[in-house]
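S.K.: Now for the letters of each chain:
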Amino acid sequence: MANEVPDAALVARVLAGNDRHAFGELVRRHQGATRALLRRLCKEDHALADDLAQEAFLQAFRKLAQFRADAAFGTWLYRIAYNVFLMHVRARKEELPLDEAVAADESGGAAATVEGSSVQELDVRRALSKLSEEERAAIVQCYYLDRSHEEAAYVLGCPVGTLKSYVFRAKKKLAAALPGWETRNAP
Amino acid sequence: MNRAMDSQEPEAGLSPEHERRLEQLLREDAAREPYIEDAGFTARVMDRLPPAQRSYSWLGPALGGLGAAVVAAFSSLPADLLAQVRIALQGHLPAPQSLLVLVPMAVLVGFAAWLAATESG
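Residue numbers (our numbering), protein chains in the order written: chain H, 1 to 187; chain X, 1 to 121.
Worth double-checking, as some hints may not be accurate.
[Said to hold, decoys possible] Away from chain H, derived, C-beta distances all over 12 Å, residues of chain X:
#1 68
#2 90
#3 95
#4 98
#5 109
[Claimed, not checked] Below, a sample of chain X positions facing chain H; criterion: calculated Cβ distance under 10 Å:
#6 14
#7 30
#8 37
#9 41
#10 46
#11 49
#12 50
[Stated by the list, open to error] Listed below are several chain H residues computed to face chain X (Cβ distance under 8 Å; list not exhaustive):
#13 27
#14 32
#15 36
#16 139
#17 143
Since the hints were derived computationally from the structure, they do not count as laboratory data. In this text, all values refer to a predicted model and were calculated from it rather than measured experimentally. Backbone N, C-alpha and C fix where the C-beta goes; we use that ideal spot for every residue, glycine too.
The shape of chain H in the complex, shown without the other chains (with noise of 0.2 Å):
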């Protein structure tokens, strides 16, 4: 790992002879955390998360001269990830009527991972789909990816005092739906 091409060298090599095999690299090392990111965010629906980690490397692909070295590129692809997201959630509320759209996020969208799953596991992940996108894309952020407020912020395109807010507001209601959890982890 220590003798590893930074991100931005391969970026670099991609943007100067447009080498697909630097970008295949940059792939191949973002893949395993963007991939994890988006299951969080699609509630564990792993084939959807696939399907929105691959446009998102393709839309990185074809932003990629807009890239600036002011962020890392993991953070710069997280960024486009969420937004990539946030548009399928969109094109889904717009397809679906509000009824059905109501009903089929608090279904908590595949809630197929039972199998395997400890019952904490699972409590963590009910509760984490009771939370509204923003609140579980700032959780996601702070907690299962240890960004700072600001990267967070910076990722979820919003300021920092927002972001607090979120993580404020999904903590009460993390909290409150999380099934005895205050008593089961009581020293």
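The hints should help you fit chain X onto chain H, whose structure is shown.
M.R.: Okay, now just chain X, sitting in the frame of chain H:
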């Protein structure tokens, strides 16, 4: 450490202890799936990339070389020039005035060939 842990925002809803436990719970959940295997994902993305655009940067030097050849052909030197090329191919130094045409022509054609080879590779 994530700055999200620095609880400087008003946390009216949760006590610091509950907040800490909730954060711990989220991090434990995050740690359950730290990495997702590629399993052909990268290959699928690469298959969907738009086709590579052909680069024609070699065209300028190639046209320059061609132009130099045309100028040489319509000048009073063609026969002389061919003789000088033969001399050069035999490993001797051609006449100095012919170098004014031969050298730029060779450089431009060589540069065009190098660019074309680099970009197709």
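S.K.: Compare the structure with each hint and give your call.
M.R.: For each hint, the structure was consulted:
1. 68: Residue 68 of chain X clear of chain H: closest Cβ-Cβ about 28 Å, beyond 12 Å.
2. 90: holds, 39 Å
3. 95: It holds; residue 95 of chain X is separated from chain H by about 41 Å at its closest Cβ, greater than 12 Å.
4. 98: holds, 37 Å
5. 109: Per Cβ check, residue 109 of chain X is outside 12 Å of chain H; nearest 22 Å; holds.
6. 14: holds, 6 Å
7. 30: This interface hint holds because 4 Å falls under the 10 Å limit.
8. 37: holds, 8 Å
9. 41: holds, 5 Å
10. 46: holds, 5 Å
11. 49: At about 6 Å, which falls below the 10 Å cut-off, the nearest Cβ of chain H leaves the hint on residue 49 of chain X intact, so it holds.
12. 50: holds, 7 Å
13. 27: holds, 5 Å
14. 32: holds, 5 Å
15. 36: Holds, because the Cβ-Cβ distance from residue 36 of chain H to chain X comes to roughly 6 Å (cut-off 8 Å).
16. 139: Status holds, d = 7 Å.
17. 143: holds, 4 Å
When the structure is compared with the earlier hints, no violation turns up for any of them.
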